[in-house]
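Model the full structure from these sequences, guided by the hints.
As they're listed, the protein sequences go chains S and Y.
To convert, note that position 61 of the first sequence is 61 in the working numbering; the numbers rise steadily by one, no gaps.
To convert, note that position 199 of the second sequence is 199 in the working numbering; the numbers rise steadily by one, no gaps.
Covered by chain S, according to a simulated footprint, are these stretches of chain Y (three or more residues, beta-carbon under 8 angstroms): (1) 2 to 12; (2) 28 to 39.
Example chain S residues on the side facing chain Y (calculated, C-beta under 7 angstroms, incomplete): (3) Tyr8; (4) Pro9; (5) Val12; (6) Arg13; (7) Leu16; (8) Gln29; (9) Leu33; (10) Asp34; (11) Leu37; (12) Leu40; (13) Arg41.
Keep in mind that the hints were calculated from the coordinates and are not lab data.
By construction, the Cβ of each residue, glycine as well, lies at the ideal position given by its N, Cα and C atoms.
Protein chains: 2
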Amino acid sequence: MKVYLDCYPCFVRQALEAARYAGATEAQQRQTLDEVLGLLRRAAEGLTPPEIGDRVHRVVRRVTGAQDPYRAQKAAATREALALYPRLVELVAASGDPLDTALRLSIAGNIIDLGPAPQYELWAVVERVRAQAFAVDARDALRAALDALPKGERVLLLGDNAGETVFDRVLVEVLWERYGLPTTYVVKGGPSLNDATLEDARDAGLHQVCTVIDNGADGPGTILARCEPRFQRVFDAAPLILAKGQANYECLSDQRRGVFFLLQAKCPVIAADLCDLGSDVPTGGIVLAQR
Amino acid sequence: MKVYLDCYPCFVRQALEAARYAGATEAQQRQTLDEVLGLLRRAAEGLTPPEIGDRVHRVVRRVTGAQDPYRAQKAAATREALALYPRLVELVAASGDPLDTALRLSIAGNIIDLGPAPQYELWAVVERVRAQAFAVDARDALRAALDALPKGERVLLLGDNAGETVFDRVLVEVLWERYGLPTTYVVKGGPSLNDATLEDARDAGLHQVCTVIDNGADGPGTILARCEPRFQRVFDAAPLILAKGQANYECLSDQRRGVFFLLQAKCPVIAADLCDLGSDVPTGGIVLAQR
Numbered sequence: 001m002k003v004y005l006d007c008y009p010c011f012v013r014q015a016l017e018a019a020r021y022a023g024a025t026e027a028q029q030r031q032t033l034d035e036v037l038g039l040l041r042r043a044a045e046g047l048t049p050p051e052i053g054d055r056v057h058r059v060v061r062r063v064t065g066a067q068d069p070y071r072a073q074k075a076a077a078t079r080e081a082l083a084l085y086p087r088l089v090e091l092v093a094a095s096g097d098p099l100d101t102a103l104r105l106s107i108a109g110n111i112i113d114l115g116p117a118p119q120y121e122l123w124a125v126v127e128r129v130r131a132q133a134f135a136v137d138a139r140d141a142l143r144a145a146l147d148a149l150p151k152g153e154r155v156l157l158l159g160d161n162a163g164e165t166v167f168d169r170v171l172v173e174v175l176w177e178r179y180g181l182p183t184t185y186v187v188k189g190g191p192s193l194n195d196a197t198l199e200d201a202r203d204a205g206l207h208q209v210c211t212v213i214d215n216g217a218d219g220p221g222t223i224l225a226r227c228e229p230r231f232q233r234v235f236d237a238a239p240l241i242l243a244k245g246q247a248n249y250e251c252l253s254d255q256r257r258g259v260f261f262l263l264q265a266k267c268p269v270i271a272a273d274l275c276d277l278g279s280d281v282p283t284g285g286i287v288l289a290q291r
Numbered sequence: 001m002k003v004y005l006d007c008y009p010c011f012v013r014q015a016l017e018a019a020r021y022a023g024a025t026e027a028q029q030r031q032t033l034d035e036v037l038g039l040l041r042r043a044a045e046g047l048t049p050p051e052i053g054d055r056v057h058r059v060v061r062r063v064t065g066a067q068d069p070y071r072a073q074k075a076a077a078t079r080e081a082l083a084l085y086p087r088l089v090e091l092v093a094a095s096g097d098p099l100d101t102a103l104r105l106s107i108a109g110n111i112i113d114l115g116p117a118p119q120y121e122l123w124a125v126v127e128r129v130r131a132q133a134f135a136v137d138a139r140d141a142l143r144a145a146l147d148a149l150p151k152g153e154r155v156l157l158l159g160d161n162a163g164e165t166v167f168d169r170v171l172v173e174v175l176w177e178r179y180g181l182p183t184t185y186v187v188k189g190g191p192s193l194n195d196a197t198l199e200d201a202r203d204a205g206l207h208q209v210c211t212v213i214d215n216g217a218d219g220p221g222t223i224l225a226r227c228e229p230r231f232q233r234v235f236d237a238a239p240l241i242l243a244k245g246q247a248n249y250e251c252l253s254d255q256r257r258g259v260f261f262l263l264q265a266k267c268p269v270i271a272a273d274l275c276d277l278g279s280d281v282p283t284g285g286i287v288l289a290q291r
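Listed below in structure tokens is the structure:
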């Protein structure tokens, strides 16, 4: 997805918020804003929002000297999600359709995102998403794809934010227990916003249930050109890809056919971009899309 | 009030919205954004938000060629407010404290503001503001100032947005009928956002109840340095000044002692700036402040 003009105010806001998360002084905040205004002017039209976001958060890290401005927020989000984990497992165990429940929980976890919408009530979101109609609904296509995959083939799950990882773990477990499919879970190669890194995935216990790798890049989403060749080969060879969150959608929606995107539409720009796949995608809509 | 860093994302958003109100093409929207990002980088630290907003909206008008991008919105806001006018008059007539009711209605009308918060339900806001506690409450000081003013002295009322003018008309009538004080009502010398001009004031019927003058400037609020000398003299000589809305507060809060500010705090930046005058000023708080 290319960047929309509506993304620009959001980048400026995010830059300021990220600088403050990093403990920036007033002068550092001002310098961050100034540099970000400049880079937004120079940003080429063909870039995706995560490619610009990557540069924005790079400015924040350089100006503030904070290598991982969201470290504390990420750890807190993982702790909060882990506290809910037993209840998530119970919901799946009690469900007549464990895959559906696990998909919904994974999508519910996508609310943990300090970019577009810093405020949320985690369990209230779980309850909402459990009952909510899909705004874009590729569940049948996903079921067919899972059924067609030979047992033992690996699903590639592109993760998103720390804490959301715990919700994805429930989905990973269902893919293994119900479909006999192991998962390779992908995190970022370095800190970017509140995206999960290897450390965050370990905190969530993901290494206990699947293979966890990083993509070698420290930008948001999956900016293929910046990922390591090792990851690019895994990506190209994967028979089935599940991609979590807005940034992965923004990076990959025009890149490779057949990727399944699981996310909550947390801003009107994404919602509008998805409208050709669903009759009406509202902000807050839950999405399982295949492009 | 000096500009805060939090104002920058809002300027970028407003520029894009204003360009679209003006019917800008995609290319014009892009050029507007590009120029506004550049001017925000160059903006001096000591400027007030309206001084920057003035430049932003000047870019919009120049790039789009629209002399008055908000013309239709202003006319519609005035029509909507005029439809409520008989009910506003009834509320004052039935009130045990007509000045208090008229002040509240004038503050309620301040919701009509396409800068910070384009969405509102006008009558719901009237009902809310009638019952709401003042977050900053200088009513006693204002009553004392009105009582001390010799009959026939003119109150200077600095207007804000089109449509809001109708609500101010009710206050103008109370000042005349209850205090024997005529009002000079000030509008902008040219279009800026949805601020009222002479044309908008006439549409609201203000010329029937008071003297209406313009300040000679086409920026938001009251940027004294850009106003005509004729208006500056009126401002300097005025024994009592009521200033409506955020932009007038932002322009004048550090300029002259004793000005009374009537507004709704429509953004967290203003709310925070006002906090030294009230115990806690929330976004949405109603304010009658004297600096």
